[in-house]
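Asker: The residues making up each chain are set out below.
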Amino acid sequence: MFDTLAGTLLRTTLTALTALRALRRNKLRSSLTALGIIIGVFAVVAMVALGNGTRASIESQVAGLGQNMLMVFAGSRRSGGVSGGLGSASAITLEDAAALRREIPDVVASSPEVTTTAQAIANGRNWSTTIAGEAPEYLVIRDWALASGSMFTDREVRSAAKVAVLGDKTAHELFGVLDPVGQTVRVGNMPFVIIGVLASKGAGVGGQNQDDRVVIPFTTAMKRITGDKYLRSVYLEIGAADRIPIAQDQITRLLRQRHRLLPGNPDDFNIFNQQEIADTVNTVTSTLTLLLGAIAGLSLVVGGIGIMNIMLVSVTERTREIGIRIAVGAQPGDIRIQFLIEAITLSLLGGLVGVLLGVGTTRVIAAASTFKPIVTMGSILLAFTVSFSIGVFFGFYPARRASLMDPIDALRYE
Amino acid sequence: MSAMPNVIALRDITKVYVTGEVEVRAVAGVSLDIRRGEFVAIMGASGSGKSTMMNILGCLDRPTAGQYLLDGVDVAGLNRKQLAQLRNHKIGFVFQSFNLLARTTAMENVELPLFYSEPVVSLRDRHRRAREALEKVGLGSRLTHRPSQLSGGQQQRIAIARALVNSPDLLLADEPTGNLDTRTSIEIMGLFQALNDSGITVIMVTHELDIAAYCRRIVIMRDGRVLEDRVNATPNRADERRAQLDQEERDARIGEDRSGETQEKR
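First to last, the protein sequences are chains P and F. Under numbering that gives the first Met the number 0, the first residue of the first sequence carries the number 0, and numbering increases by one thereafter. Under numbering that gives the first Met the number 0, the first residue of the second sequence carries the number 0, and numbering increases by one thereafter.
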């Protein structure tokens with residue numbers, strides 16, 4: 000028993016060596032054949048790494064939104080079928096925001112928000128940035144720390160004080176390495192005293208830079224800059240995560256009642272929680288990843304067909320060799336395994352190079368940008384399993400053809 | 000030794016090929032016994048069925064009807080796998096076009112049958128036996144040469160070494176001198192004669208009478224049947240023929256001595 004097992008093993012090893020030598024003889028052809036698999040595996044590995052990286056970065060961005068947060072946006076305004084986008088409808092008022100804070104028991108913090116874009120001028124420099132009118136609780140809800148100075152107070156909100164807290168990016172653009180606290184920034188021709196600078200938070204869920212902003216009291220923003228009496232949105236923090244669905248229901252009911260919406264009319268506002276935001280973005284990236292993955296998979300199939308093609312050519316070319324081997328005592332199985340090993344070796348080598356290329360590319364991306372693709376052991380194993388299977392699948396038919404050759408014809412083949 | 004046993008016993012062997020609607024009886028009822036140690040030439044024009052006979056004898060093809068006992072074993076009862084092992088152990092093939100693996104050394108070519116032997120032959124045994132076989136055919140100094148680096152005669156010697164490496168009962172040669180010049184043909188026939196003298200059974204297909212003249216028995220086929228089966232009481236001796244050839248060449252003052260090998264033996 001052991002003897003036959005060891006014998007089979009030895010025989011297979013020798014057959015594998017023969018196969019390897021055949022591949023080495025046709026280096027150019029072998030590498031061109033493997034190219035299809037290389038590209039396919041490379042694409043799969045890179046796609047999975049990019050997908051994983053995107054998912055991870057979305058998750059961290061969503062976590063960066065703050066704990067147990069709800070965002071109530073004014074609905075989209077439609078005019079002639081054209082949707083104006085979230086917050087474009089003038090639907091949520093300051094009174095709505097106050098009512099939410101007052102009447103929904105689970106709301107522990109809230110911040111009405113108005114935003115606009117304006118030039119900020121300070122220190123002799125000029126920077127176009129987002130002006131965000133918020134309440135002091137905004138920082139609590141968003142779990143956002145200050146790098147220096149302090150946030151404005153409720154008193155400053157009530158008095159519509161001209162004070163500003165700069166985002167990290169804006170502070171850097173206007174003041175460089177200087178500490179802006181105590182300096183003045185002009186927004187819409189109005190001087191604001193800078194009382195604080197936010198810590199850096201990085202890219203938001205939509206990919207925009209959250210650090211490029213000037214945060215001022217929402218009262219000041221509405222009275223002195225936008226002149227608008229409607230809000231873009233309201234940020235709410237809910238006391239406990241398991242209360243979020245209930246709070247969402249209550250908010251919906253309250254706002255529909257305040258807006259006097261009849262049953263059957265659609266909401267003129269939208270409520271998002273972190274999970275929904277994450278899900279939305281994830282759906283988009285997953286679809287994209289799936290699409291690219293399908294293309295990568297297709298190129299694997301094409302690569303496999305390339306291997307089959309070359310193996311068929313190789314079998315025909317070596318008809319005589321096959322005849323000789325059969326004449327001197329090779330069994331069909333010996334011939335089959337020889338060609339099968341050739342095909343598998345081709346596809347596995349292609350897989351190896353593809354994985355190396357994929358990992359290398361993700362390293363380059365990681366080094367050259369802030370985006371971090373994640374290569375998992377699973378995707379590498381998958382790549383190898385797939386390329387092995389391709390070798391077996393597409394190598395089997397040529398190998399079988401070789402093994403079924405008639406030695407008499409094969410020996411006479413010119 | 001008990002009355003020379005038959006290596007080959009053929010009874011009414013028939014082979015019919017069907018191509019489309021035409022039936023071709025390539026072999027039509029051949030009965031033949033070949034004893035151990037014989038040196039047989041199977042002769043015939045093309046279409047006489049001699050090649051088909053060779054394929055059947057070599058277990059590369061099965062007869063349509065009739066019985067073939069190889070060394071007492073009925074070949075009809077064997078499956079593909081068993082036939083492969085039978086070829087491996089009992090039969091050595093030599094072909095007209097040598098049929099060596101190109102880009103593979105002489106040693107590796109000769110080792111090829113051992114590769115497929117069961118039980119498995121160890122690496123060291125393979126090398127030793129291949130070297131011995133190559134020495135036997137006079138190529139002990141060409142072990143690592145590739146076929147393309149060697150002359151036709153030398154390539155055929157490798158093929159013969161490959162046929163011998165597994166110590167077969169039977170050496171089957173299909174027009175072994177068909178691609179060789181006269182002098183080399185004589186050398187190869189000399190090798191066959193030497194092997195036959197040492198006890199190996201040799202069966203050779205040829206259509207050349209002067210090649211068949213080296214054999215001790217001549218079977219002539221026509222239209223798939225044995226036309227004549229006679230003993231050649233006075234086979235040509237390759238060494239004598241070569242000496243004669245040398246003499247002729249000297250007389251005609253054509254060609255110098257070709258190789259050191261020839262000089263040595265003279």
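Keep in mind the hints are simulated off the structure, nothing from the lab. Any given hint could be a false lead.
Calculated pairs, EDC-like style, for lysine to aspartate or glutamate (alpha carbon to alpha carbon, straight line, at most 16 Å) [to be verified]:
no. : chain 1 : residue 1 : chain 2 : residue 2
1   : F       : K80       : F       : E117
2   : F       : K135      : P       : D333
3   : F       : K80       : F       : D60
4   : F       : K80       : P       : D178
5   : P       : K168      : P       : D178
6   : F       : K89       : F       : E20
So these bits of chain P aren't anywhere near chain F, every CB distance computed over 10 Å [as the list claims (entries may be wrong)]:
no. : residue
7   : G6
8   : K26
9   : T116
10  : N125
11  : T129
12  : F174
13  : I323
14  : Q330
15  : D333
C-beta: ideal position from N, C-alpha, C; glycine also.
Asker: Tell me the numbers of any earlier hints that the structure contravenes, in ascending order.
Answerer: Violated: hints 2, 4, 6, 7, 13, 14 and 15.
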